[in-house]
Amino acid sequence: MNAQQTWPADDASPAYNYAYLDEQTKRMIRRALLKAVAVPGYQVPFGSREMPLARGWGTGGIQVTAAIIGPDDTLKVIDQGADDTTNAVSIRRFFEKTADARTTEATAEATIIQTRHRIPEAPLRAGQIMVYQVPQPEPLRKLEPREAETRKMHAWAEYGLMQVKLYENIARFGEVTTTYDYPVMINGRYIMAPSPIPKFDNPKMHMSPALQLFGAGREKRIYALPPHTSVRSLDFEDHPFRIQSWSAPCALCAATDSYLDEVVIDDQGARMFVCSDSHHCETRRAQGHRGTMLGDAATSGLVDPSPSAVIPGDRRETRDPFRNPTEQGSGMDPGSALRSARDDDAKVEAGAKS
Amino acid sequence: MTTNPLIGAGFTDPVFQSQSAFRALLAALSEPGTRQVVTGGIAPPDGLHAATATALLTLADYETPIWLPPGLRDDVAGAWLRFHCGAALVSEPGLAAFAVIDGASSAPLLADFNPGNDQFPDRSTTVIVQCTGLDGDEAVTLTGPGIANSRLISPAGLRPGFWAEVAANNDAYPLGVDLLLSHGDAVFGLPRSTRIGEAI
Numbered sequence: 001m002n003a004q005q006t007w008p009a010d011d012a013s014p015a016y017n018y019a020y021l022d023e024q025t026k027r028m029i030r031r032a033l034l035k036a037v038a039v040p041g042y043q044v045p046f047g048s049r050e051m052p053l054a055r056g057w058g059t060g061g062i063q064v065t066a067a068i069i070g071p072d073d074t075l076k077v078i079d080q081g082a083d084d085t086t087n088a089v090s091i092r093r094f095f096e097k098t099a100d101a102r103t104t105e106a107t108a109e110a111t112i113i114q115t116r117h118r119i120p121e122a123p124l125r126a127g128q129i130m131v132y133q134v135p136q137p138e139p140l141r142k143l144e145p146r147e148a149e150t151r152k153m154h155a156w157a158e159y160g161l162m163q164v165k166l167y168e169n170i171a172r173f174g175e176v177t178t179t180y181d182y183p184v185m186i187n188g189r190y191i192m193a194p195s196p197i198p199k200f201d202n203p204k205m206h207m208s209p210a211l212q213l214f215g216a217g218r219e220k221r222i223y224a225l226p227p228h229t230s231v232r233s234l235d236f237e238d239h240p241f242r243i244q245s246w247s248a249p250c251a252l253c254a255a256t257d258s259y260l261d262e263v264v265i266d267d268q269g270a271r272m273f274v275c276s277d278s279h280h281c282e283t284r285r286a287q288g289h290r291g292t293m294l295g296d297a298a299t300s301g302l303v304d305p306s307p308s309a310v311i312p313g314d315r316r317e318t319r320d321p322f323r324n325p326t327e328q329g330s331g332m333d334p335g336s337a338l339r340s341a342r343d344d345d346a347k348v349e350a351g352a353k354s
Numbered sequence: 001m002t003t004n005p006l007i008g009a010g011f012t013d014p015v016f017q018s019q020s021a022f023r024a025l026l027a028a029l030s031e032p033g034t035r036q037v038v039t040g041g042i043a044p045p046d047g048l049h050a051a052t053a054t055a056l057l058t059l060a061d062y063e064t065p066i067w068l069p070p071g072l073r074d075d076v077a078g079a080w081l082r083f084h085c086g087a088a089l090v091s092e093p094g095l096a097a098f099a100v101i102d103g104a105s106s107a108p109l110l111a112d113f114n115p116g117n118d119q120f121p122d123r124s125t126t127v128i129v130q131c132t133g134l135d136g137d138e139a140v141t142l143t144g145p146g147i148a149n150s151r152l153i154s155p156a157g158l159r160p161g162f163w164a165e166v167a168a169n170n171d172a173y174p175l176g177v178d179l180l181l182s183h184g185d186a187v188f189g190l191p192r193s194t195r196i197g198e199a200i
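These protein sequence lines are chains A and B, in that order. Read in order, the letters of the first sequence correspond to residues 1 to 354 in our numbering. Read in order, the letters of the second sequence correspond to residues 1 to 200 in our numbering.
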């Protein structure tokens, strides 16, 4: 604590408050968070501030994290499950710089996990706080564009329109085609957007022992799920909610129970499936789990197959067994290339310049 | 009632003292019925428990009118809150964003405070109920969000019929006030989502 108290004394330090936001802004966000926790799933309006990165890059999540983080916290930031993609690295660096934050990639060590579009595969525990970056907090927005109307629909729990939308999906396609941001009913009262996590992650929200906070900076909304809160994915008796499944295990760590990204690896249509949760995949490989493609890479001499040779955090060699070693410095692994290509949010190196 | 006419000190290190106090309050309201220690290291003014004073110092400012019992409002506690929080002190319970009540006094009722409205239930009052103890009296069972199965609490020094008022407050969900029961440096959170039952 003493280190933090004397922290701004260094003349080279920037002239802003701990965790960037001023104290009045933090109080405003904290009041919104307490009301959000008291009415799970209800979207509390808040005065979203300008942040040193553009809205749509996670400013809501960053403001929530800034309002709650303290010297005792350890922060993990993930973007589509990965700790090492642009958005995650930038936000982690932002809090290292402005809040002197301890950061980690290990899910179990983190007290605050800020996330964009995934919930980690490792089970969350009591005392952890998940902070979600939310692009569109209003689950009814695509059905009803007027805020005044959606607010009344929530006020009176008029959610028939959402059921009709799901029904029309089934009538037209034979199944509900929503695969991410799948609407959920919270505590039997409010329909909530779980942020664009895959529906694979929806069951992890139900009765989770961790506190879950959601921040939408551009849309100026905060909402929350206390621990042990009922989260029901909307469905029909004859079309029950189902999560995604894959026919192949992870090509690198052979996991069969994790969410997999499909990665196209050549121009002949060949593809591989790899864990989207990079820390989960690395942990399994360090434990000696071997996927088929990792084995191929080992026989071709590109990677050392012994577990000790897998360096956590460096996935250039282990993740892409097909790249020519001389080109390794050139860019991203295929997983992050795919993630970048399908991102709905623009992504550039965030504002925290080094 | 006035023993010390001077306004005492507030936080010596506002950034970190308010951050740790807020995390305790967040834990209190997200896990209702768990005892949370709200430490700010401050000496509260006469009439306010340390947890009450720290919570208000952490959350209240010029945007949040505070309701205090008249005896406290016109005394050093009122002056202390005006000075440190810059908050307006209101005499109408329904206008308050935060309120402090004595658990044993018969007025005002919880229903006198602002329950929010159907489109903005977040605009309700947060009521800090000062008790004479956080255990030792009639036990009640809590269930609802934030509680794995059920939880027992037995705070002391609450007026007769208090739990019926809390149950009525929950019946109006998602409207209603959110409660913090405070004594000394500890609080119980009791948000409107928590259902009250008799102890088994």
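Because the hints were derived from the structure by calculation, they are not lab data. Careful, some of the hints might be misleading.
As the list claims (entries may be wrong) - Estimated spans, in silico, between C-beta atoms of each pair:
# : chain 1 : residue 1 : chain 2 : residue 2 : range
1 : B       : Ala148    : A       : Glu96     : 44 to 52 angstroms
2 : A       : Pro209    : B       : Arg35     : 15 to 23 angstroms
3 : A       : Ile243    : B       : Gly41     : 46 to 54 angstroms
4 : B       : Gly8      : A       : Glu23     : 41 to 49 angstroms
5 : B       : Gly133    : A       : Asp257    : 30 to 38 angstroms
Said to hold, decoys possible - To give an idea of the interface, some chain A residues facing chain B are shown, with a C-beta separation under 10 angstroms as derived from the structure:
# : residue
6 : Asn17
7 : Met162
8 : Leu211
Said to hold, decoys possible - Computed list of chain A residues with no C-beta within reach of chain B, every gap over 10 angstroms:
#  : residue
9  : Arg49
10 : Glu105
11 : Ala106
12 : Gln136
13 : Leu166
14 : Asn187
15 : Ser230
16 : Thr256
17 : Val264
18 : Gln268
19 : Gly269
From a predicted model like this one, the values you see are computed outputs, not experimental measurements. Ideal Cβ positions, reconstructed from N, Cα and C, are used throughout, including at glycine.
Hints and how they fare:
no., hint, result
1, B:Ala148 with A:Glu96: 44 to 52 angstroms, "34 angstroms, violated"
2, A:Pro209 with B:Arg35: 15 to 23 angstroms, "18 angstroms, holds"
3, A:Ile243 with B:Gly41: 46 to 54 angstroms, "48 angstroms, holds"
4, B:Gly8 with A:Glu23: 41 to 49 angstroms, "20 angstroms, violated"
5, B:Gly133 with A:Asp257: 30 to 38 angstroms, "48 angstroms, violated"
6, Asn17, "7 angstroms, holds"
7, Met162, "18 angstroms, violated"
8, Leu211, "5 angstroms, holds"
9, Arg49, "15 angstroms, holds"
10, Glu105, "23 angstroms, holds"
11, Ala106, "21 angstroms, holds"
12, Gln136, "19 angstroms, holds"
13, Leu166, "24 angstroms, holds"
14, Asn187, "5 angstroms, violated"
15, Ser230, "8 angstroms, violated"
16, Thr256, "29 angstroms, holds"
17, Val264, "42 angstroms, holds"
18, Gln268, "51 angstroms, holds"
19, Gly269, "48 angstroms, holds"
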